[in-house]
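**Student:** Next come the chains, spelled out residue by residue.
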Amino acid sequence: AQSVTQLDSHVSVSEGTPVLLRCNYSSSYSPSLFWYVQHPNKGLQLLLKYTSAATLVKGINGFEAEFKKSETSFHLTKPSAHMSDAAEYFCVVSRGGGADGLTFGKGTHLIIQP
Amino acid sequence: ETGVTQSPTHLIKTRGQQVTLRCSSQSGHNTVSWYQQALGQGPQFIFQYYREEENGRGNFPPRFSGLQFPNYSSELNVNALELDDSALYLCASSLIENTEAFFGQGTRLTVV
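So the protein sequences, as listed, match chains A and B.
Under this note's numbering, the first residue of the first sequence carries the number -1, and numbering increases by one thereafter.
Under this note's numbering, the first residue of the second sequence carries the number 82, and numbering increases by one thereafter.
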């Protein structure tokens, strides 16, 4: 079994300040982990993925995430927020191979204040 | 743009009716998955098709069924629609050996 907990339903930051979106996972096997972003009325876009290589993963648009097995965490960060980052962010876990599908967290709504 | 296209974009159906949603996979992808995203929630896995057969299913009743065609496009069929079936339905394509999934923009289904 696998599950994902996104610790904040909403996060609000000022433009130009750092972003931290928190995610904890539970998995009975070595998981693959992802962050997806969903802008209003848009589909899901992959930001980055961890698949048992380097624990610090760099993604698109300046985002990165660190896999910490001891803490079962996969937090998403960005050094400086931009107005265009305002969106819904989903932390996702997969067993790999995909037959069980992707398990999504409930999402974190990121608000960027001008 | 991911190359995954879904149709229609919006749909309104009456409770008890049946609906078919369609998805064209990204070129070269042999696996398609369907997800249901209720308002304010994360997507939930419905099922996955590989080589025209269902090879994985989430916690959804049998009235949710699907097809995958030789060109890897897919359909999601829902029978006996219920009000709670109102949601955004997302299709994702991938290679079976790579779990990275590419999503379409979804079909917004409203059941009244």
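Don't read these hints as lab results, they were simulated from the structure.
Virtual Cβ for every residue (Gly too), placed ideally from N, Cα, C.
Some clues are possibly wrong.
[Said to hold, decoys possible] Quick list of simulated restraints, FRET-style, between CB atoms:
| # | chain 1 | residue 1 | chain 2 | residue 2 | range |
| --- | --- | --- | --- | --- | --- |
| 1 | B | 164 | A | 75 | 27 to 33 angstroms |
| 2 | B | 90 | A | 67 | 25 to 31 angstroms |
| 3 | A | 112 | B | 121 | 24 to 30 angstroms |
| 4 | A | 54 | B | 138 | 33 to 39 angstroms |
| 5 | B | 176 | A | 14 | 25 to 31 angstroms |
| 6 | B | 95 | A | 53 | 25 to 31 angstroms |
| 7 | A | 68 | B | 160 | 28 to 34 angstroms |
| 8 | A | 15 | B | 161 | 48 to 54 angstroms |
**Student:** Now look at each hint and say whether the structure bears it out.
**Tutor:** Taking the hints in turn, this is what the structure says about them:
Checked against the hint of 27 to 33 angstroms, the C-beta distance between residue 164 of chain B and residue 75 of chain A comes to roughly 40 angstroms, which is inconsistent with it. Taking the beta carbon of each, residue 90 of chain B and residue 67 of chain A are about 41 angstroms apart, not inside 25 to 31 angstroms as hinted. For the pair residue 112 of chain A and residue 121 of chain B, the beta carbons lie near 25 angstroms from each other, so the given range of 24 to 30 angstroms is met. Separated by about 35 angstroms at the C-beta atoms, residue 54 of chain A and residue 138 of chain B satisfy the suggested range of 33 to 39 angstroms.
Residue 176 of chain B and residue 14 of chain A have their C-beta atoms about 39 angstroms apart, which leaves the hinted 25 to 31 angstroms range violated. In this structure the supplied range 25 to 31 angstroms is violated for residue 95 of chain B paired with residue 53 of chain A, their Cβ-Cβ distance being about 51 angstroms. Between residue 68 of chain A and residue 160 of chain B the C-beta distance comes to about 47 angstroms, which lies outside the given range of 28 to 34 angstroms. Checked against the hint of 48 to 54 angstroms, the pair residue 15 of chain A and residue 161 of chain B passes, with Cβ atoms roughly 50 angstroms apart.
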